[in-house]
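Asker: As a plain string of letters, each chain reads:
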Amino acid sequence: MARTTADATGFRFAALAALGILVLSPVLLILYQSFLTGPFFSPLSTLGLDAYVYIFTDSDFYRALSTTAIFALGTIVVCVPLGAILAFLLTRTDLVGRRWLEGVVLVPMFLSAIVLGFGYTVAVGPTGVVTLAFERLFGFVPWNIYGLWSLMFISGLMHVPHVYLYSSAAMRNLPGDLEEAARTSGAGIWTVARHVTWPLIMPALIFSIGLNVMLAFEAFGLPLVLGDPAGVLVLTTYIYKLTTILGVPSYQLMAVVAVVLLAIIFPLVFIQRKLLSRARRFATIGGKGARVTRIRLGKGGQIAAWIGIGIWLVISIVLPIGGIAIRAFVDAWGAGVNLFDHLTLNNFQQLFSIAALQRGIINTLLLSVVGGALAVGAYLLIALAGHRWSGPGNTALDYMVLMPRALPGLIIGLAFFWIFLFVPFLKPFRLTLLSLLIAYIIVGLSYGLRLIQATLMQVAPELEESGRSAGATIKQTWSRIVVPIIRPGLLGAWIMIMIIFLREYATGVYLMTNGTEVVGSLIVSLMASGSLDTIAALALISVVMTTGGLVLANRLGGRIHE
Amino acid sequence: MQTLKVAACAAVFQSVIVVAFPAGAQQAPEGYPADYAGIVTAGIKEGSVNVYSPTDSEQADGLISGFEKAYPGIKVKWNDVASGAVYNRVVSEAAAGQVGSDVVWSNGLDLQLQLVEEGHVETYKSVEAANIPAWAQYKDAAYSTTVEPIVFMYNNKVFTDSVPKNHKELADLLVKKGAELQGKVTTFDPEKSASAYTVMENDVVNDNGFWTLIDAFGKAKGKVYSSSGQLREKILSGEHPFGFNVNGAYAKGWAKSNPTLTVVYPDDYTIAASRTAFISKDAPNPNAAKLFLDYMLSKAGQTAVAEAGLPSVRSDVTADNWDSVNKEAGGKLVPIKLDAALLEGLQATKRGQFFKDWKKALNQ
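Chains U and A, in that order, give the protein sequences. Residue numbering for the first sequence follows our numbering, starting at -3 and increasing by one per position. Residue numbering for the second sequence follows our numbering, starting at 420 and increasing by one per position.
Do not rely on the hints blindly, as some may be mistaken.
Think about it this way: if two alpha-carbon atoms lie no more than 27 Å apart in a straight line, the pair counts; the simulated BS3-like pairs of lysine-lysine are [as the list claims (entries may be wrong)]:
no.	chain 1	residue 1	chain 2	residue 2
1	U	K237	A	K558
2	U	K237	A	K769
3	A	K544	A	K496
4	U	K237	A	K496
5	U	K423	A	K779
6	U	K423	A	K769
7	A	K638	U	K237
8	U	K237	A	K756
9	A	K544	U	K237
10	U	K423	A	K558
11	A	K494	U	K423
12	A	K778	U	K237
13	A	K576	A	K558
To give an idea of the interface, some chain A residues facing chain U are shown, with a C-beta separation under 7 Å as derived from the structure [what the hints assert, rightly or not]:
no.	residue
14	D499
15	N507
16	K544
17	E547
18	A549
Covered, in the sense of this in silico footprint (three residues per stretch, anywhere, with C-beta under 8 Å from a C-beta of chain U), are these stretches of chain A [to be verified]:
no.	region
19	474 to 483
20	553 to 567
21	581 to 593
22	669 to 677
No wet-lab data here; the hints were simulated from the structure. By construction, the Cβ of each residue, glycine as well, lies at the ideal position given by its N, Cα and C atoms.
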């Protein structure tokens, strides 16, 4: 054991330093900006607490902060149990159609929240297709998609895939004998899940709680589309207001809110580490070949499971994607409109007339496929650096990984725009896709790294120890034993990162320039001139392509997760 | 060796072109001063022009291809910069000594003037200046290029009340039928959109009943949105069947392709917003920048933009222009002048007061 940790210290510190530079440079820039009276590059700016005074005396800030906290809590209350149940059903039981479901459950992640929110409006908004049909049949509508409650509910359902991904990655690797033992001692499925499976994947569950809290804090699209019309103000929509409220953009105010968001990280990671210090002991991929025996659900179980999954599928996939699909093929919708009179293919034709969009599609594909692979490579190096490494280095790593997650994409994009502009040797890269890639790597860091770390943590130490005692260097142990074992985790991380890079929109707003357009950020400018029909067509194409890609990967590359 | 030969050939070929073509290109366009030919030659030598603009390249397509045809050899590099990001980009790049823009064209009129005041703009009296109205020019540096009327738009299938024809009638309707119209009316959010704020600032000047309207709007639980896209969908779907302060340049196009939408030019006054262009200080391609700015203001450039749906400031353009829009507005078109008032609107105290009143009216 001692030998596995003693080596590679140089590598570990180098990786930590590289991560530190990448993560801390935007963070420190924002921190510095928050203590200034104007833009950091302006000679007129002086040090001062004016921005803090402004924010901390603004009643809107407190309203947004408390709403955001409630929103985050509501989101995890919905998504964590549902995601864990879904993962259990798909990986540990003989649920009918689970292979097919594996790809489908990820669909809510394919679209940026702003587009999804729009899909909900078309489907179940006050004049939505489903709403109007329901009203015609029953004479009333029992739901309202605007407001904090529906925001929490929908956001919770949207984030189920996040929890599912982390917990299923962990569950897949559990040997079945533990559960089997429980089953033979007479435990029911529910008891097995609660007392055996879930405790074993506690690290993954705790990760996803932490991640989803942060996701809720930096969520922008859903609160804008579903919260704003009901006057629900969260921190990110509050930041949005700050950009115009003083006339000339006031970055110091945005920076203060970003610092507040960052501050939330510390208690969160602290609690997470405390909880995990106990859970970390569970290493479940042993030297013996683990054969997964699936728990039989029985007929009643199958039906019950499918009813639950069906409801979830309808609400979180059929409604929003259906809404987008409808909008992509019509030129009018809503009250008093017969959709069939308004069918059109024009929305798709418009797509081909925009030159920047074609460049954007190529860039986005490059960034997500090639860039995504590079990102996963980087995450793997960082994960290995932290692997079986206790002490302050590992602590620093834990905090740094979640830090960028606290920052809205727009602010990360802005910070990197400045870094590439003002750091002399980075100048040549600013106008290339590399600047976007670096920002994207930071945006995807907590998603990708956590996925890899969670799998790494399950590799039993004796595997590495046996390699080491046979005379292998730590590098050989990692490259010949550890990495091959966690290959499914790496593939899963790559797919996750591809999806996230595909739909990312805020990060590119400040960074993209002629030749480096990305689809997500082009959507923002299409939104400004009103072309939501074009956006719907574009979004539909991207859902179809992403789903197709996933199915293909499933077919060709064997199954992604195995 | 092979590549060397190719390169040499290319060089020879290029010099042939340079000798053969410019005979035509070097001539100044018709009606321009003779020494303009020098700018043309220098501009072609620069080879490209970088434009920063929130106007998406779809709408700018005609302008771009028109310019590239007029000045072969100069490539237009369009940068889709979001409205809220234009100012930051210009200021930051200037501070870093890496100015990337030649021409900046934005609908954030106040911030465009602020950039002039802060010294980020090159003074250049356009050769087309005489053809551009005085309200659209600022200190021989910034020029408004479009006429975008700010209108009412409603869904004629859902909104069946008698349609208000002006701001006063809208306010009256909201007061009289406030209960019925709960959540049915919408407008552009001045707290999130800088251009929406600029328009409302002009509403305050033109309409002494503006706050009465906003007060009634707040009582009727009116909804606000931060992009034209959202406004359009909400009105189109009938969720909020009536909207005011909608960009009429867009609205007209939407109504054309969609008979459910009707545009009303308020008959008390119709504000004309615009997008303003200037040449950046220390622009990397200063001559190509001049050519592009002049082309934007020329009859040909204005026609191209007008045909893409953004009416021209010139009256000698056959496509939609100031006169035709003004006619539709019953002669009540009021431009947002490029002047000191716009800059005053940027002052924190003035904005603070506006937003205080705004919030008070909306959170009733």
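Asker: U:K423 and A:K779 were given as a pair; does the straight-line alpha-carbon distance stay at or below 27 Å?
Answerer: 47 Å, violated
Asker: Compare the distance between the alpha carbons of A:K778 and U:K237 with 27 Å, and conclude whether the hinted pair is satisfied.
Answerer: Since the Cα atoms of A:K778 and U:K237 sit roughly 13 Å apart, the hinted pair holds (cutoff 27 Å).
Asker: Is it true that the CA of U:K423 sits at most 27 Å from the CA of A:K769?
Answerer: Violated, at roughly 39 Å.
Asker: For U:K237 and A:K756, compute the direct alpha-carbon distance and say whether it is at most 27 Å.
Answerer: Between U:K237 and A:K756 the Cα gap is close to 26 Å, so the pair holds against 27 Å.
Asker: Is A:K544 close enough to U:K237, meaning Cα to Cα at most 27 Å?
Answerer: 36 Å, violated
Asker: Please verify that hint: A:K544, Cβ, nearest Cβ of chain U, below 7 Å or not.
Answerer: Where the cut-off is 7 Å and the nearest Cβ of chain U is about 27 Å from A:K544, the hint is violated.
Asker: Take a quick look at whether U:K423 and A:K558 sit within 27 Å of each other, Cα to Cα.
Answerer: Judged against 27 Å, a Cα distance of about 33 Å means the pair is violated.
Asker: Would the stated hint for A:D499 survive a check requiring a Cβ distance to chain U of less than 7 Å?
Answerer: At about 5 Å, which falls below the 7 Å cut-off, the nearest Cβ of chain U leaves the hint on A:D499 intact, so it holds.
Asker: Taking a Cβ-to-Cβ distance below 8 Å as contact, does the region 474 to 483 of chain A have at least three residues touching chain U?
Answerer: It holds, with 6 qualifying residues against the three required.
Asker: For a C-alpha distance cap of 27 Å, please report whether U:K237 and A:K558 respect it.
Answerer: 31 Å, violated
Asker: Given A:A549 as an interface hint, is its Cβ closer than 7 Å to any Cβ of chain U?
Answerer: 31 Å, violated
Asker: Check the hint pairing A:K576 with A:K558 against an upper bound of 27 Å on the C-alpha distance.
Answerer: 47 Å, violated
Checked against the numbered hints given earlier, this structure breaks hints 1, 4, 5, 6, 9, 10, 13, 16, 17, 18, 20, 21; the rest are met.
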